[in-house]
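Residue numbers (my numbering), protein chains in the order written: chain U, 1 to 383; chain P, 384 to 504.
Just so you know, the hints here were simulated from the structure itself, not pulled from any lab data.
All values derive from a computational prediction rather than experimental measurement.
Fair warning: there could be bad hints in the mix.
[Stated by the list, open to error] Calculated cross-link-like contacts (lysine-lysine; reagent style DSSO-like; alpha-carbon spacing at most 30 Å):
1) U:Lys189 x P:Lys401
2) P:Lys429 x U:Lys205
3) U:Lys198 x P:Lys491
4) P:Lys455 x P:Lys401
5) P:Lys385 x U:Lys189
6) U:Lys203 x P:Lys426
7) U:Lys189 x P:Lys394
8) P:Lys491 x U:Lys203
9) P:Lys401 x P:Lys429
10) P:Lys493 x U:Lys198
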Amino acid sequence: MNLKKQWKIALRQKVKTPDNKMAEAKINVLIIGAGKGGAALLEMFCNSETVNIIGVVDINKDAPGIKLAKELNIPVSGDYKEFLNKKELNEIINVTGSEGIQEDLLKHKPVNVEVIGGHSAKLMWLLIEERKASEDERKKAYDKLKETQRDLIQSEKLAALGRFSTGLAHEVRNPLGVILGGIEYLEQKLPRLSEDIKVALEKIKEAIFRADNILVGLLRFSRPSELKIEKVSIRDLVNEAVSFYKYRAPLSNINIETQFDDKQKSVNVDKNQMHQVIFNILLNAVEAMPTGGQIKIRTCNRIIPQLSLKKPSCVIEIKDTGTGISKENLAKMFEPFFTTKKEKKGTGLGLSVAKTIIENHKGNLTIESELGKGTTVNIILPC
Amino acid sequence: MKNILLVDDEKDFCFFVKTNLELTNNFKVTVCLDSNQAIDLAKKLKPNLILLDILMPGISGPDIAAALQEDKTTADIPIVFLTAVITEKETKEQNIIAGWPFIAKPVKIKDLIDTINMYTG
Chain U
1 MNLKKQWKIA
11 LRQKVKTPDN
21 KMAEAKINVL
31 IIGAGKGGAA
41 LLEMFCNSET
51 VNIIGVVDIN
61 KDAPGIKLAK
71 ELNIPVSGDY
81 KEFLNKKELN
91 EIINVTGSEG
101 IQEDLLKHKP
111 VNVEVIGGHS
121 AKLMWLLIEE
131 RKASEDERKK
141 AYDKLKETQR
151 DLIQSEKLAA
161 LGRFSTGLAH
171 EVRNPLGVIL
181 GGIEYLEQKL
191 PRLSEDIKVA
201 LEKIKEAIFR
211 ADNILVGLLR
221 FSRPSELKIE
231 KVSIRDLVNE
241 AVSFYKYRAP
251 LSNINIETQF
261 DDKQKSVNVD
271 KNQMHQVIFN
281 ILLNAVEAMP
291 TGGQIKIRTC
301 NRIIPQLSLK
311 KPSCVIEIKD
321 TGTGISKENL
331 AKMFEPFFTT
341 KKEKKGTGLG
351 LSVAKTIIEN
361 HKGNLTIESE
371 LGKGTTVNII
381 LPC
Chain P
384 MKNILLVDDE
394 KDFCFFVKTN
404 LELTNNFKVT
414 VCLDSNQAID
424 LAKKLKPNLI
434 LLDILMPGIS
444 GPDIAAALQE
454 DKTTADIPIV
464 FLTAVITEKE
474 TKEQNIIAGW
484 PFIAKPVKIK
494 DLIDTINMYT
504 G
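Full structure from sequences and hints, please.
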């Protein structure tokens, strides 16, 4: 019987069950030889709907197929004879390449049991290996396709969001302009305004600029400007961003400490956008410490296990001793418009914008936090 | 007295810009709500400066600006775009885009006056 025919039988044969009815029963196979060929067969058949491996045989206890069979709870042995009398046995695949074993099997096998061996078995597992390789390639191509599709959807979503936010900005900022114009008109026409009316008008103006800030954040979030990448010293980058808080931090009883790794020299980034990221994170840290506290900024190069990159990444760690974030809120921190800030101080876009900027730099932004203990934000950039 | 032509389809916005500018007694503002009439009006009035919205029904702001620049009689009139679709930060960082200055809405009257004075001398 040639290989093709044997294979056809092995995969399509319907076996009679004890009650003599035709059923979609599995073919019970014994694999002899658990080296590379046997292991490949076992791997292929272990989730098969048509083939059931009843045993794997090899005199080498450390053969890869034996190890795999043990993991899959398939009986193993060093001697095939103990399987030959199993009632359920339908097929034997001999991958050893040994003519002696093949002859012995043909001599001692039960009448109804088929034996595939010699060149046929070798050809069989070579075909399987080849199929596995092409499956791997197909999987890689599929993964690549999915990734491209994800990128396309993402950019299409961003483009749609860009169109939406431009439209929204146009529709909302025009009436905001009318309200502001109206307030300024009243201020000019009614010069002797009482204090309470002045306060009321100021509050309306504040509300206008708060609403405008949300729209500005939305515009920036949905159409991040093109990166102007340049080589920047990490020390300068951090110090420049921190300098924005030079006067504000001491007033809030906040101490900002920086610690730089001397081995770290520079990083390729868009300086202005990175300032915005650090500025936004520092703003959150400052506002999380209403009674004062400490912000530690540490920079280093280290391997980030989650990124599965072998080379180290450039990390800027910003740690505060503020109120911290609950687990429930932590999961939402990067969502646009999510804010925990009281008194309507936040737009909920600072961290979303920061994350978008870092991802545009092919980096990552992570947050660890515990209520009452503080928050650590890691800016991770390619070195 | 500086003559300003304000081209914008937002009627109430125009009302307050005109009123607040004219309250200073330094400006005379003509409002044009229909962008299709803006070019003819600019040629007729020869204003000291044109405040121009970008997105309008009819001819868009940039098309009006381009047409006025091509015409010798209006080419020297300064144009400032007054728009809701750009951020204040963008106007500060690069307040000249494609040759024309921009101001983001909503704008404080003081900022608007400063900008007008900057381009009208």
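A quick look at each hint next to the structure:
no. : hint                : in the structure
1   : U:Lys189 x P:Lys401 : 14 Å, holds
2   : P:Lys429 x U:Lys205 : 35 Å, violated
3   : U:Lys198 x P:Lys491 : 17 Å, holds
4   : P:Lys455 x P:Lys401 : 27 Å, holds
5   : P:Lys385 x U:Lys189 : 21 Å, holds
6   : U:Lys203 x P:Lys426 : 42 Å, violated
7   : U:Lys189 x P:Lys394 : 20 Å, holds
8   : P:Lys491 x U:Lys203 : 15 Å, holds
9   : P:Lys401 x P:Lys429 : 17 Å, holds
10  : P:Lys493 x U:Lys198 : 18 Å, holds
Hints 2, 6, counting from the list given before, are not met by this structure.
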